[in-house]
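K.L.:
185 is the number that my numbering gives to position 185 of the sequence shown; each next residue is one higher, with no gaps.
Rather than coming from a laboratory, the hints here were simulated on the basis of the structure.
The reader is advised that the hints may include incorrect statements.
Unchecked claim - Quick list of in silico lysine-lysine cross-link-like pairs, BS3-like style, CA-CA up to 27 Å:
hint	residue 1	residue 2
1	171	221
2	392	120
3	396	322
4	101	271
5	116	166
6	150	13
7	167	120
8	332	370
9	403	392
10	336	410
11	25	403
12	410	25
13	13	151
14	102	403
15	271	167
16	332	322
17	336	312
18	271	120
19	345	271
20	370	333
21	151	253
22	312	322
23	345	333
24	403	13
25	333	253
26	396	120
27	253	271
28	345	312
29	253	396
Note that the coordinates shown come from a computational prediction; the quantities given were computed from them, not determined experimentally.
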Amino acid sequence: MSYRDDYLYLREKFEQKAEFITLKKFRMNILNTSFESYNYDILPGEEHYHCQTHDISFEESYSLDSKITAPHLDELLRIDDSRIEENIFFTYPILKPFTIKKSKEVIILLHGLNEKSWEKYLPWAHKLVEYTGKTVILFPTAFHMNRAPKKWADPKFMSRLSNERKKFYPKVTNSSFANAALSTRLQFLPQRFIWSGLQTYYDILQLIDQIRAGVHPHIHKDAQIDFFSYSVGSFLAEIIMMTNENNYFENSKLCMFCGGPLLNRMSPASKYILDSEANVAIYSFFIEHLEVELKRDKRLAHYFSDLHHIGKYFKSMLDYNKMITFRENRLKKIAKRISALALHKDEVVPSIEVELSLHGHNNKIPIKVKSLDFPYPYDHVIPFPVTEKYEKEVDKCFTRSMKFIASQLK
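Can you make the complete structure from the sequences, with help from the hints?
P.N.:
In structure tokens form, the structure reads like this:
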């Protein structure tokens, strides 16, 4: 069976609403497991906020009004993030071998930015199960996959939204129906990038809490937890590893694919990820004017302070030339448990930036970085195209890539 065959088979078999899916061909099951996020109240949309850890209260400081007369823009923006039910109640897929009742070895797969479907990742997860014997959890980021309203993936609505963006921002590039929702939300409120990231971070901790308490239906309470991440999912995975909340990840391994650089070393402008206006807004807020913005946003400043390790590590991963000693000292301590696979023709996450970020300014961080090139047309978003023309070449490169990744997570 080729990569293409596996992709088509898994796409046909997978159904997010089905609780249990048997993959007889692979001797695996897919278990769509329910989850209720307890961390939504950190998102924009609440009138009052309270940090329970430090007993500090904050008032909402964000206006969700775009001040632009455009029906689709307004509809998307005039919604409280913390009230979006799809982001609170959802299911996540688990791929598990037939022979295992409660898994003692688990890989959590973290996806890329602006993803709406697990289709691309199912063959990756399947191969990780096959090559490692471990169970793979595909955990969705806040407002991605099935954690977003269906309208955000409606081509008609999103095409109209993209056209409105082009009308109000004539110089915008890379605007498309595929990235219109995320681009709009981040352009008008860049803080969503950190708040949705924090919700996802705390959701993963909530998942680990369930496992360690012995109440997870499919995972053993003493299970080894490792990570496989792609694209910006690697940004979150690195922060999880660096923070090591509750010592949950003291022995965890992380292998990154097309990911690993600091935020200002990535180029996410793409018709599939972010348009140019959103990309500029993110860069302006988090790289060029962060200190000024933190003076205005007291709640964000609190989470970016020394009081919250997660926020401080997040901040250290924004700019290659800032917080160097703090960031690189921590990466050195966990370097032996981290690895990365980069692609030469990746323009979103260039392989040279993966090496520079992970090896440090003096090239003394011993993180293993492997770079590959493939003999067929590919890019960051589609490293393994599902096309008959290059079926043999893609299958060979996919197998080579996944065997390397699996070897780092054994």
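K.L.:
Hints first: check each against the structure and report whether it holds.
P.N.:
Quick rundown of the hints versus the structure:
For a cut-off of 27 Å, the pair hint linking residue 171 to residue 221 is broken: about 53 Å separates their Cα positions. Taken as a hint, the residue 392 and residue 120 pair is honoured in the structure, with Cα atoms around 18 Å apart against an allowance of 27 Å. This hinted pair does not check out: residue 396 and residue 322 have alpha carbons roughly 40 Å apart, beyond 27 Å. Annotation: proposed proximity of residue 101 to residue 271 is violated, straight-line Cα distance about 42 Å (limit 27 Å).
Annotation: proposed proximity of residue 116 to residue 166 holds, straight-line Cα distance about 23 Å (limit 27 Å). For the given pair, residue 150 sits about 21 Å from residue 13 by alpha-carbon distance, which is consistent with the 27 Å threshold. For the hint pairing residue 167 with residue 120, the CA-to-CA distance comes to about 32 Å; that exceeds 27 Å, so the pair is violated. Between residue 332 and residue 370 the CA atoms are separated by roughly 18 Å; this keeps the pair inside 27 Å, and the hint holds.
A threshold of 27 Å between alpha carbons decides the hint, and for residue 403 with residue 392 the separation of about 17 Å falls inside it, so the pair holds. Restraint check for residue 336 and residue 410: the C-alpha separation of about 13 Å stays at or below 27 Å, so the hint holds. Annotation: proposed proximity of residue 25 to residue 403 holds, straight-line Cα distance about 20 Å (limit 27 Å). Of the pairs offered as hints, the one joining residue 410 and residue 25 holds, with about 23 Å between alpha carbons and a cut-off of 27 Å not exceeded.
The straight-line distance between the Cα atoms of residue 13 and residue 151 is roughly 24 Å, inside the 27 Å bound, and the hint therefore holds. At most 27 Å may separate the alpha-carbon atoms for a hinted pair to count; residue 102 and residue 403 meet this at roughly 25 Å. Only pairs whose Cα atoms come within 27 Å are accepted, and residue 271 paired with residue 167 is accepted, the gap being roughly 17 Å. For a cut-off of 27 Å, the pair hint linking residue 332 to residue 322 stands: about 17 Å separates their Cα positions.
For the given pair, residue 336 sits about 22 Å from residue 312 by alpha-carbon distance, which is consistent with the 27 Å threshold. Straight-line distance between C-alpha atoms of residue 271 and residue 120 comes to about 17 Å, which keeps the hinted pair within the 27 Å bound. For the suggested pair residue 345 and residue 271, the alpha carbons sit about 17 Å apart, so the restraint of at most 27 Å is met. A threshold of 27 Å between alpha carbons decides the hint, and for residue 370 with residue 333 the separation of about 20 Å falls inside it, so the pair holds.
Our distance criterion of 27 Å between C-alpha atoms is broken by residue 151 and residue 253, whose separation comes to about 37 Å. A threshold of 27 Å between alpha carbons decides the hint, and for residue 312 with residue 322 the separation of about 12 Å falls inside it, so the pair holds. Distance check on the hinted pair: residue 345 and residue 333 sit about 30 Å apart at the alpha-carbon level, beyond 27 Å; violated. Proximity of residue 403 to residue 13 is assessed by CA-CA distance (about 24 Å); at most 27 Å being required, the pair is judged to hold.
For the given pair, residue 333 sits about 13 Å from residue 253 by alpha-carbon distance, which is consistent with the 27 Å threshold. For the hint pairing residue 396 with residue 120, the CA-to-CA distance comes to about 17 Å; that is within 27 Å, so the pair holds. The straight-line distance between the Cα atoms of residue 253 and residue 271 is roughly 32 Å, outside the 27 Å bound, and the hint therefore fails. Between residue 345 and residue 312 the CA atoms are separated by roughly 32 Å; this puts the pair beyond 27 Å, and the hint is violated.
Distance check on the hinted pair: residue 253 and residue 396 sit about 25 Å apart at the alpha-carbon level, within 27 Å; holds.
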